[in-house]
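Given only the sequences and the hints, what does the whole structure look like? Please build it.
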Amino acid sequence: MNPILKFILLALPYFFMVLGVGIYDRVNPELGGIPFFYWYQLVWIFIAAGLTFTVYSIENSEKKNRKAVS
Amino acid sequence: MFTDLDLALFFAIIFLVLFAGYMAYFWRKPKDMDATGEWSLGGRRFGTVVMWFLLGGDLYTAYTLIAVPGAAATAGVGGGAFAMFAIAYGVMIYPIVYATMPRLWNVSKRRGYITASDFVKDRFSSRSLAMLIALTGVLAELPYIALQITGIKYVLAALSLPITVSLIIAFLLVAGFTFVSGMRGPALTSILKDSIIWVAVIVIIIYIPIKLGGFGAIFHTAGTISPNLLSINPVIDVGYTTLALGSALALFLYPHAITGTLGAKDSKTIRRNASLLPLYNVLLMFVAIVGIMAVVYFNAYPKVSSEALPLLVLHIFPASFTAFAFAAVVVGSIVPASIMALASANLLTRNVYLEYINPKASDRSQTNLSRVLVMVVIIAALLFSLVPAASGEIVYLQTIGGAFIMQTLPAVYLALYTRKLNKYPVAAGWLVGLTTTIVMLAELNFTSSLYKNFDFVYIGVFALVLNLVVVGIGMAVMKAMNKIKDEGIIENSEFEDIE
Numbered sequence: 003m004n005p006i007l008k009f010i011l012l013a014l015p016y017f018f019m020v021l022g023v024g025i026y027d028r029v030n031p032e033l034g035g036i037p038f039f040y041w042y043q044l045v046w047i048f049i050a051a052g053l054t055f056t057v058y059s060i061e062n063s064e065k066k067n068r069k070a071v072s
Numbered sequence: 023m024f025t026d027l028d029l030a031l032f033f034a035i036i037f038l039v040l041f042a043g044y045m046a047y048f049w050r051k052p053k054d055m056d057a058t059g060e061w062s063l064g065g066r067r068f069g070t071v072v073m074w075f076l077l078g079g080d081l082y083t084a085y086t087l088i089a090v091p092g093a094a095a096t097a098g099v100g101g102g103a104f105a106m107f108a109i110a111y112g113v114m115i116y117p118i119v120y121a122t123m124p125r126l127w128n129v130s131k132r133r134g135y136i137t138a139s140d141f142v143k144d145r146f147s148s149r150s151l152a153m154l155i156a157l158t159g160v161l162a163e164l165p166y167i168a169l170q171i172t173g174i175k176y177v178l179a180a181l182s183l184p185i186t187v188s189l190i191i192a193f194l195l196v197a198g199f200t201f202v203s204g205m206r207g208p209a210l211t212s213i214l215k216d217s218i219i220w221v222a223v224i225v226i227i228i229y230i231p232i233k234l235g236g237f238g239a240i241f242h243t244a245g246t247i248s249p250n251l252l253s254i255n256p257v258i259d260v261g262y263t264t265l266a267l268g269s270a271l272a273l274f275l276y277p278h279a280i281t282g283t284l285g286a287k288d289s290k291t292i293r294r295n296a297s298l299l300p301l302y303n304v305l306l307m308f309v310a311i312v313g314i315m316a317v318v319y320f321n322a323y324p325k326v327s328s329e330a331l332p333l334l335v336l337h338i339f340p341a342s343f344t345a346f347a348f349a350a351v352v353v354g355s356i357v358p359a360s361i362m363a364l365a366s367a368n369l370l371t372r373n374v375y376l377e378y379i380n381p382k383a384s385d386r387s388q389t390n391l392s393r394v395l396v397m398v399v400i401i402a403a404l405l406f407s408l409v410p411a412a413s414g415e416i417v418y419l420q421t422i423g424g425a426f427i428m429q430t431l432p433a434v435y436l437a438l439y440t441r442k443l444n445k446y447p448v449a450a451g452w453l454v455g456l457t458t459t460i461v462m463l464a465e466l467n468f469t470s471s472l473y474k475n476f477d478f479v480y481i482g483v484f485a486l487v488l489n490l491v492v493v494g495i496g497m498a499v500m501k502a503m504n505k506i507k508d509e510g511i512i513e514n515s516e517f518e519d520i521e
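Protein chains in written order, with the numbering used here: chain A, 3 to 72; chain L, 23 to 521.
Because the hints were derived from the structure by calculation, they are not lab data. Keep in mind that the hints are not guaranteed to be accurate.
Stated by the list, open to error - Stretches of chain A that chain L covers, calculated by requiring three or more beta carbons in the stretch to come under 8 Å of a beta carbon on chain L: (1) 3–17; (2) 22–36; (3) 42–53; (4) 61–68.
Unchecked claim - Computed beta-carbon distance windows for the label pairs: (5) L405/L with F48/A: 36 to 46 Å; (6) L14/A with V187/L: 43 to 53 Å; (7) L14/A with L408/L: 34 to 44 Å; (8) G494/L with P5/A: 18 to 28 Å; (9) I60/A with K233/L: 42 to 52 Å; (10) L21/A with S515/L: 28 to 38 Å; (11) L7/A with L408/L: 44 to 54 Å; (12) L408/L with A70/A: 31 to 41 Å.
Just so it is clear, CB atoms sit at the ideal spot from N, CA and C, and this is done for glycine as well.
Below, the structure is given as structure tokens:
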């Protein structure tokens, strides 16, 4: 897997959690009465898992292909 | 009020887990329990399921059940929504794990390492640097173990049990099963522990919001008490993000996390777990909100913030469920404490005793020494439960440990990726980082780990930046002197996956 792409996928959560604090440190828009500050971070749990899982899936299938070739 | 039956349930659950810990000795028992890696790493045979609980288990300890809701139920800018830093932290842990731990596992499997210091020793050809990293690891575990002990204290108090006696008995029992079973003890019991905690947590986070009229109503009332409960005050934004990022950088440098990871059966198991474990955080967020719910329910901040979750459970649920939930907290404290003490004992045995005192020690005597050191470490940790943070926002105990261990990042994480690092700049960076951490913490009297005079920055991250700057300057000087070369005895190919 392209190392730059891998780095971007793995590093993305840090940009949104660390540098993005000015964006998510707010109450509105609420979702079902839950402040934005809370649900933004809840959503990121799923996005971050999705990103890491994507990297894992790509690397894993590449490995299988290499094995099949050799 | 608790009946004898409720108390019986409380003790029955705790003893069930401890009993399983002792019985773990027989689990996949090898022919030779004294061989290196058997007692200490469970024979390096843990698959996806065991690793899931072993690695994810850190998220469900006294830290989660007592410290985080406690922080949420604290008044001021460092409380309320600020406790959500634990969620941001959880989100940021696993990409780091994915990038570093498979490499560390591969080289450790090839060379038979059982601690990060074993790796440092060969990577830098320096047993002194390895020892410094080992001692930092032990130092960092002490406040984290202290957090677990303190967590139990608040539950015992709510149960009106004699605290000191119960605590001593609880920890003797933990030390006992670690002594007998080694890594097999916590690995097997962490599955039981997480199951018990999950049942308790799911009941709590479903029933209490219903009782309080739903999340909308909870946050509506919270907003009338303090805006700090809904989002954080911008003055503490830097503190929030550095604490979350720093905690994430620190977690897998802790000896117990590395010991746990090296117990995996292959690097694929680590990758798979790292990619899915973030989902394990979902409940964590709702547990954090329990602290907010406590403030809403009592319409006031609790006098002792760490009692937020125990008090709320005590007021809302029937005594028998409360007994069950409290047992979950106790179990959630003693199992991680066991892993942490075990990892510290491994470091002292391998990287100090074997290296400097008795290089000819047999496998058997090493294992036995580690067993004794488990006791020593637990007693040392009891001292940390006396620092001021232990009676205030106990979440800071964990962040104090994190600030210490973070200073080993260049020697471990950076060294996984480059062979050019030299031991002197790394040692100088470590010294500057650790000194800065200790001086700044002392200035705050160990009550917190956020430095108020500097935007509430997390001390660990601040010190790590200085640490990295020193490493960078040192390497630049070496480059100017043309002294940059491949260090240590580990070939780059040894980080590749073992097929």
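Here is how each hint holds up against the structure:
Coverage of the region 3–17 of chain A by chain L holds in this model, with 4 residues showing a Cβ closer than 8 Å to a Cβ of that chain against a need of three. Restraint check on the region 22–36 of chain A versus chain L: 9 residues with Cβ-Cβ distances below 8 Å, three needed, restraint holds. Proximity of the region 42–53 of chain A to chain L, defined as three or more residues with a beta carbon under 8 Å from a beta carbon of that chain, is established by the 8 residues found. Given as covered by chain L, the region 61–68 of chain A passes the check, having 3 residues with a CB less than 8 Å from a CB of that chain where 3 are the minimum.
A C-beta distance of roughly 41 Å is found between L405/L and F48/A, which places it inside the suggested range of 36 to 46 Å. At about 51 Å, the CB distance of L14/A to V187/L agrees with the hint of 43 to 53 Å. For the pair L14/A and L408/L, the supplied restraint of 34 to 44 Å holds, since their beta-carbon distance comes to about 42 Å. Distance hint check for G494/L and P5/A: the Cβ-Cβ separation is about 22 Å, which falls inside the suggested range of 18 to 28 Å.
A hinted range of 42 to 52 Å holds for the C-beta pair I60/A and K233/L, which are about 45 Å apart. Between L21/A and S515/L the beta carbon distance is about 36 Å. The supplied range of 28 to 38 Å therefore holds. Restraint check, L7/A to L408/L: a C-beta distance of roughly 50 Å satisfies the suggested window 44 to 54 Å. For the pair L408/L and A70/A, the supplied restraint of 31 to 41 Å is violated, since their beta-carbon distance comes to about 60 Å.
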